[in-house]
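As a plain string of letters, each chain reads:
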Amino acid sequence: MSGSSRRTASLYLLLCLILLLPQLVIFASWLSPNLAIWQHLTSTVLSTYLLNSLLLAGGTGLLSLLLGGSLAYLVARYQFYGRQWLSWALMLPLAMPAYIIAYSYAGLLDVAGPLQSALRELTGWRYQDYWFPPIRSLGGAIVVLSLVLYPYVYLLARQAFSSQNPAWQEAAQSLGGRHYLWRVALPLARPALLGGVALVMMEAFADYGTVAYFGVPVLTTGIFRVWFGMGALDAAAQLSALLCSLVVGLVLLEVWQRRQQRFFDRSSGSRRMPLQRLSRRRSLLVCCYLSLVLTLGFLLPAGALTVWAISASDSWQQLAFADLLTNSLLLATASAGLVVLVALVLVYGLRQRPGHLLHAVLHHLLRISSFGYAVPGTVIAIGVLWPFSQLEQAVDVLAEQWFGVRTGLFFTGTVLALLFAYLIRFLAVAVQPLEAALGQIPPSMDQAARSLGCNGWQVWWRVHRPLLTGPVCIAALLVFVDVLKELPATLLLRPFNFDTLAVRTFELASDEQLAAAAAPALIIVLAGILPLIWLNHTVQRSGHAGH
Amino acid sequence: MKFSTLVAGLSLGWLSALQAAEVNVYSARQQELIKPLLDKFTASSGVKVNLITGKPDELLTRIRQEGRNSPADVLISTDVGRLYRAKQQGLLQPVESTLLTSQIPAQYRDPAKLWFGLTMRARPILYVPGKVDPAELSTIENLADAKWRGRICIRSSDNVYNQSMVAGMIATIGADATAKWAADFAKNFAQPPKGGDRDQVKAAAAGVCDIAIANTYYLAAMLEDPADKAAASSVKVFWPNQQDRGAHVNISGAAVLKHAPNQAQAKQLLEYMVGAEAQQWYATANHEYPVLASVPVSPVLQGFGPFKADTLSLDKLGELNQQALMLMDQAGWK
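Line by line, the protein sequences are chains H and Y.
Anchor point for the first sequence: position 17 equals 17 in the working numbering, and the numbering is continuous, going up by one each time.
Anchor point for the second sequence: position 199 equals 199 in the working numbering, and the numbering is continuous, going up by one each time.
The set of hints was computed from the structure by calculation and includes no laboratory data.
Treat the hints with caution; some may be incorrect.
Calculated cross-link-like contacts (lysine to any residue; reagent style SDA-like; alpha-carbon spacing at most 25 Å) [stated by the list, open to error]:
#, chain 1, residue 1, chain 2, residue 2
1, Y, LYS334, Y, GLY150
2, Y, LYS316, Y, GLN330
3, Y, LYS147, H, ASP129
4, Y, LYS35, H, ALA309
5, Y, LYS316, Y, GLY332
6, Y, LYS187, Y, LEU137
7, Y, LYS308, Y, VAL297
8, Y, LYS48, H, GLY413
9, Y, LYS236, Y, GLY196
10, Y, LYS308, Y, GLY246
11, Y, LYS334, H, GLN128
12, Y, LYS236, H, GLN513
13, Y, LYS180, H, SER47
14, Y, LYS316, Y, LEU292
15, Y, LYS187, H, ASN52
16, Y, LYS35, H, LEU329
17, Y, LYS236, H, ARG126
18, Y, LYS229, H, LEU122
19, Y, LYS308, Y, VAL132
20, Y, LYS267, H, ARG406
21, Y, LYS40, H, ASN497
22, Y, LYS35, Y, LEU100
23, Y, LYS236, Y, GLY130
24, Y, LYS334, H, TYR127
25, Y, LYS308, Y, SER233
26, Y, LYS48, H, ARG406
27, Y, LYS48, H, PHE496
28, Y, LYS40, H, ALA320
29, Y, LYS229, H, LEU115
Covered by chain H, per the in silico footprint, the following chain Y stretches (three or more residues, Cβ under 8 Å) [claimed, not checked]:
#, stretch
30, 156–169
31, 203–210
Every residue gets a Cβ at the ideal spot worked out from N, C-alpha and C, and that includes glycine.
Could you put the whole structure together from the sequences, leaning on the hints where they help?
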């Protein structure tokens, strides 16, 4: 191994260590397991927690795959009524925090909600005279989470479907194959589809707000029950480590499966796939399906929020909207930049062929360093707080002894700690699209550029950069919107007199003032929509430029 | 800018930073329920208040991690269990104040002067008139009777108010009796526990159950909320255990932290909070029972009638919280 590659490898090793620090802190809790509490958990509720967590993540993953995959395929392949605006409007649910849509649907569909009340009034039935799907249940949580999480699959899959070479379809047809979708399009889009599903499942594993509100006992609610109720932070960290291992196992399984197949488009000229025209009836049908998903995932809950926000308009003046919005936007922008930058460095590290042992080890470290996404934000926050406050105290003691000054909380008392926590938590969101995109660039393309006299930097600038513009925008947007919605880590790590929209929304909602919480919730949604529109333009432009 | 003005400006800024009195508050009461009061304190005392709100155990963890660097002066908690935890973890320091000890009744403050109660919230039985005859009601223990099968709404045992209530029962009737009670009580639920306190009242109003358990604080807020008024009006308050230990109450309180950099201001803030103005604000704006006996409760709370409150040592609630939760796990109370 050459000196420079060794230097690169050690830099990567350092990066991995920093990124894995919070997770290491969590896993280190197993050094002294809290046996009394584990005995209690295994004999009572642990199996329920595990089963429900798996069902929740599996169900949400499957439903999101079905929704996101089908929507992406329809949009990428067919021309139908309203395609132009539906294709971007379908991303809108992304701007809706899961716990907010949960509040809205619970408000609408609960026994005491307007729908069932009207039903009872109309028919004269009483409670239990009729069956109504219970919204506050595991099934309800799966549906509600899928409605806001399917855009991860949709976004990644749409990109993959629409960049597929039309020559493949022609080839498939010329070979008499009728099942282009099943035999060609889906297998080719598999990395993108599964990448999206992996994100959805991790988010479902880490969800706390929705399941807590719906009363579904899962691992995350168990973590907080043990921590808050039993006052056992160590056992809570041990449960978090269990949750994290589950996800590591699932994702490694997916990676291993993906390694069985590797495919690069070696065709020279690439054309854009022409959109297929649909008959009037089918066109209308497709339009209805897309509109229905959009209505359930966005229009209906946003409408409910608007009505509530107006009904509680007298509470608006108490909210310092301008400050909240500025704080939220600054945090979201700064972390989007930071996370995408680190993610780029990471995926290029993953692109190195694992030959040397160090590289192989590094490869796996890089792979697991983005698993913070599956860990509840609060747990990440503790993982960030612990090592850094130890460091701060050591520095403080030394500074006082030597210079007579106190350094205090120079990291955890500032937004820096928050940005670091976001980096750990959302790295996966940026890594997935970037890795999928980089995987589409065959190494032969680099070699060709090098043979034409480009150096490493020029290869990147002239070959990779144009191909990565779209995915980078997607990654940045996903992180931006996620940070805008992020609650638990923000709540725990924010400095004095610093609130965000999500924090205010949560505080009002946790005091059961749902109507008053609607206004800040709506602003989160609006603030997330604008960059979505911008993203759509950029991706489409770069899509055209790339061809 | 001339160098001298710059220096003058800087040193002025430095001086004013030295002089400006500040107090740093970590509050488990959310902003809406504490900021107006802190603003009043700043207006009357000139002391600036810096605020971080959050969940109680998260704040405690943060303070513990920050250690000697922690800027936190005052911890404000919504339940006594967390004040007890802070005390157990050695995070608090005693406050010597004759004002605090003379104003707050002894059962609502820590004997070692480590924490002080500010307000109370009670947890009565709410029943639907017509479906339940109040003569059938007596104690919380009685709700385990088979005649209430499928008729009771209560929120998840994740909630600290339920944990405190059960901890209080363990302290008075013992763990075995409470375990048996919890198992029977859980069988009487009309639906798996879900939602918050308000949702239990709404469910009772919608006919899901005949009895709901919820805090007075939420019921009073619902009565003032146009959207929830109808539901809240359809239930009535019954004060349980009036012949024996009294109805379960939990207190919200405050404490000064061990590493507090601004101890004088912290004490000043605590003393302000038991003053008539602050107590009045808690009572009227927020429908809590003030600890100051001379301050009247809000008209809505007056409508719930007077009651005898459980005088169990509040430390006990904190001490037994973990046991209460394990007991509810075993009883299948989600």
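Structure-based check of each hint:
1. LYS334(Y) with GLY150(Y): holds, 15 Å
2. LYS316(Y) with GLN330(Y): Distance of about 21 Å is within 25 Å: holds.
3. LYS147(Y) with ASP129(H): holds, 21 Å
4. LYS35(Y) with ALA309(H): Between LYS35(Y) and ALA309(H) the Cα gap is close to 22 Å, so the pair holds against 25 Å.
5. LYS316(Y) with GLY332(Y): holds, 24 Å
6. LYS187(Y) with LEU137(Y): holds, 18 Å
7. LYS308(Y) with VAL297(Y): Holds, because 15 Å separates the two Cα atoms, which is no more than 25 Å.
8. LYS48(Y) with GLY413(H): holds, 18 Å
9. LYS236(Y) with GLY196(Y): holds, 18 Å
10. LYS308(Y) with GLY246(Y): This hinted pair holds, its Cα atoms lying about 5 Å apart.
11. LYS334(Y) with GLN128(H): holds, 22 Å
12. LYS236(Y) with GLN513(H): Since the Cα atoms of LYS236(Y) and GLN513(H) sit roughly 22 Å apart, the hinted pair holds (cutoff 25 Å).
13. LYS180(Y) with SER47(H): holds, 23 Å
14. LYS316(Y) with LEU292(Y): holds, 23 Å
15. LYS187(Y) with ASN52(H): Cα-Cα ~22 Å, so holds.
16. LYS35(Y) with LEU329(H): With Cα atoms ~24 Å apart, LYS35(Y) and LEU329(H) stay inside 25 Å; holds.
17. LYS236(Y) with ARG126(H): holds, 21 Å
18. LYS229(Y) with LEU122(H): holds, 22 Å
19. LYS308(Y) with VAL132(Y): holds, 22 Å
20. LYS267(Y) with ARG406(H): holds, 24 Å
21. LYS40(Y) with ASN497(H): holds, 16 Å
22. LYS35(Y) with LEU100(Y): The given pair, whose Cα atoms are some 21 Å apart, holds under the 25 Å limit.
23. LYS236(Y) with GLY130(Y): The hint holds at about 11 Å.
24. LYS334(Y) with TYR127(H): holds, 22 Å
25. LYS308(Y) with SER233(Y): holds, 23 Å
26. LYS48(Y) with ARG406(H): Status holds; Cα separation ~22 Å.
27. LYS48(Y) with PHE496(H): Between LYS48(Y) and PHE496(H) the Cα gap is close to 12 Å, so the pair holds against 25 Å.
28. LYS40(Y) with ALA320(H): holds, 18 Å
29. LYS229(Y) with LEU115(H): Holds, at about 18 Å.
30. 156–169: holds (count 5)
31. 203–210: It holds, with 5 qualifying residues against the three required.
Every hint from the earlier list agrees with this structure, and none is contradicted.
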